[in-house]
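Colleague: Protein chains in written order, with full-length UniProt numbering: chain A, 1 to 281; chain B, 1 to 331.
Short, incomplete list of chain A residues facing chain B, as computed with Cβ under 10 Å:
| hint | residue |
| --- | --- |
| 1 | Gly106 |
| 2 | Arg107 |
| 3 | Gly168 |
| 4 | Thr170 |
| 5 | Gly179 |
| 6 | Arg188 |
| 7 | Asn193 |
Take a look, some chain A residues computed to stay more than 12 Å from chain B by CB distance:
| hint | residue |
| --- | --- |
| 8 | Gly15 |
| 9 | Pro54 |
| 10 | Leu128 |
| 11 | Gly137 |
| 12 | Gly220 |
| 13 | Leu246 |
| 14 | Asp271 |
Worth flagging that the hints you see were computed from the coordinates, not collected in a lab. It should be emphasised that the depicted structure is a prediction, and the values quoted were computed from it without experimental measurement. The C-beta atom is built at its ideal place from N, Cα and C for all residues, glycine as well.
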Amino acid sequence: MTRQDTLWLRLLRRGDVVVALGALAVFVLVALTAPLIAPHDPVDQDLMHRLEGPSAAHWLGTDESGRDVLSRLLYGTRVSLGASLLAVVVAAVCGVPLGLLAGYLGRGFDLVVSRVADAVLSIPGLVLAIAIATALGPNLTNAMLAVGVVYAPGFYRVTRGSTIAVRGQTYVQAAITTGCSTPRILLRHILPNVGTPLIVKIFLTFGYAILAEASLSFLGLGVQPPLASWGSMLKRAVRYLEQAPLLVVLPGLIILVAVLAFNTVGDGLRDALARRDREPA
Amino acid sequence: MTTDRILEVEGLSIAARSGGRTIPLVHDVSFRLDAGEAVGLVGESGSGKSMTALALLGLLPRGVAVTAGSVRLGGVDLVGADRRTLADIRGRRIAMVFQDPMASLNPAIPVGEQVAEVLRRHLGLARKPAARRAIELLGAVGIREPHRRTGEYPHTFSGGMRQRAMIAMALACEPAVLIADEPTTALDVTVQARILELLVRMQDELGMAMLLVTHDLGVVAGTCHRLAVMYAGRLIEEGEVGEVFDAPYHPYTAALLAAAPENAMHGRKPAAIPGVVPAPGAFPLGCPFSPRCSHARPDPCDSTPVEVRTTGSRRVRCARSRELTLAGVER
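Given these sequences and hints, build the entire structure.
Modeller: Here you go:
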């Protein structure tokens with residue numbers, strides 16, 4: 001049995017993690033196949049059937065413009081997950097290489113990059129995203145890029161810390177004695193050994209990013225009509241809270257489940273990995 | 001320069017810099033390694049033997065640097081060599097085996113691949129030939145079923161097996177010099193003997209020079225041709241193993257021999273050396289061993305730095321070496 005096998009077993013022994021993984025799988029599947037499984041066009045309006053409750057034609061009812069809520073939620077999954085993925089990728093692409101370099105090289109480079117990271121960390125992510133969206137016009141891509149930059153110091157710190165721990169290991173010295181170049185040592189010998197805390201970080205950051213996307217879209221700075229994301233659906237539905245409470249409850253519930261699922265998987269992974277590291281080889 | 005003189009260390013000094021202060025760790029160490037020769041570098045913890053070994057590969061930790069001297073490997077001075085030159089020499093001409101085999105293999109890469117990596121880096125082998133050669137090498141260092149084990153991760157290997165894999169990695173490109181830094185200290189006694197046997201056999205087969213860093217004189221007696229003894233950052237005695245064991249010139253060497261637990265087998269009690277090794281930065285002006293030396297006399301030992309005296313193939317750094325006749329041990 002390999003290390004990976006035991007890790008999965010330990011992860012799957014926890015009920016909450018299994019449920020969360022299942023939920024994530026459903027979200028990803030929906031995001032990928034939204035056009036295939038959506039019963040209606042998500043932007044098709046039918047003003048004769050506004051704010052209707054669930055029916056055979058519209059399983060989850062219609063919104064204030066008579067659009068099919070189920071289809072909008074399915075398409076919204078794609079927008080919300082895609083935007084969050086963008087932020088996480090930006091954060092990881094900025095943070096991980098800098099963390100590796102700073103942790104390995106130390107000295108001046110570490111000092112400078114760490115202070116910049118501290119400075120970025122002092123900026124509230126949403127405020128920066130709002131500022132950028134205001135400056136460049138409301139646009140989900142710009143806003144999530146900004147969110148990604150603000151999350152980058154998190155990845156930077158995790159990578160830097162683990163790199164410092166791994167750098168002193170004999171196998172890194174051994175790699176140097178076999179003539180490995182610095183880039184090769186970083187990518188092949190250090191990165192795989194700092195990967196586990198990064199996986200945890202990715203899941204936890206994903207949860208935050210979903211929340212950030214929902215907040216921005218709720219404020220009208222994210223996805224623009226007629227496209228829908230969970231946050232923007234919530235924004236429009238608030239006005240009709242009394243007539244059609246389902247319009248608020250559904251996207252709110254989905255955001256809750258998505259964030260919870262990402263956090264649960266991240267926590268589960270962290271526990272499983274921590275226990276693995278404590279065990280003797 | 002004769003052709004079989006492979007590695008020459010001349011006047012090597014190493015110091016640590018901390019907070020504007022310079023603390024000397026190794027002072028004026030010179031020795032050489034000839035082809036096919038095993039030399040034991042012996043000393044207590046803090047004697048500078050590991051620092052010396054690391055300096056040979058340009059691997060000194062941060063804040064520690066060579067302050068004087070040279071390390072010549074086939075005409076190239078490794079001190080002050082640029083990154084590229086060093087990277088091409090490491091693993092190809094000079095290789096190292098570390099003390100802790102549990103930590104010296106990368107846990108995230110299969111063992112065979114770690115060996116193959118060296119072959120691809122230096123010999124330019126393609127993936128498949130390198131993998132095949134790695135299996136051969138793993139077999140050559142005594143790993144059973146190398147075909148099966150090559151794809152396994154280090155955590156499935158025992159300590160002795162990991163050290164064998166590490167040796168395969170170090171010897172992959174048939175280097176001219178192997179530096180083994182306490183290669184058996186972390187292993188069980190029964191495994192120790194086999195690893196030493198393997199090192200000696202490989203050294204013979206490849207005709208390489210080996211520097212065996214150890215604190216164990218028993219290990220030196222069983223594997224080395226010559227030995228160099230270090231104390232407080234200085235090389236204090238060097239010579240053929242047989243000659244030094246029979247009649248050490250330096251009181252510290254004599255004291256080390258008398259302290260070896262192997263003495264118990266000859267019905268003698270190991271004799272402890274009183275006092276402790278002086279801390280780096282607090283080395284006395286004269287002979288660093290004089291505060292612990294039963295033969296020390298104030299005038300010749302404490303006043304001035306003691307120079308190395310050469311007689312035949314032996315060298316000693318003791319102010320009273322001419323007058324003293326010290327007891328050795330049977331081997």
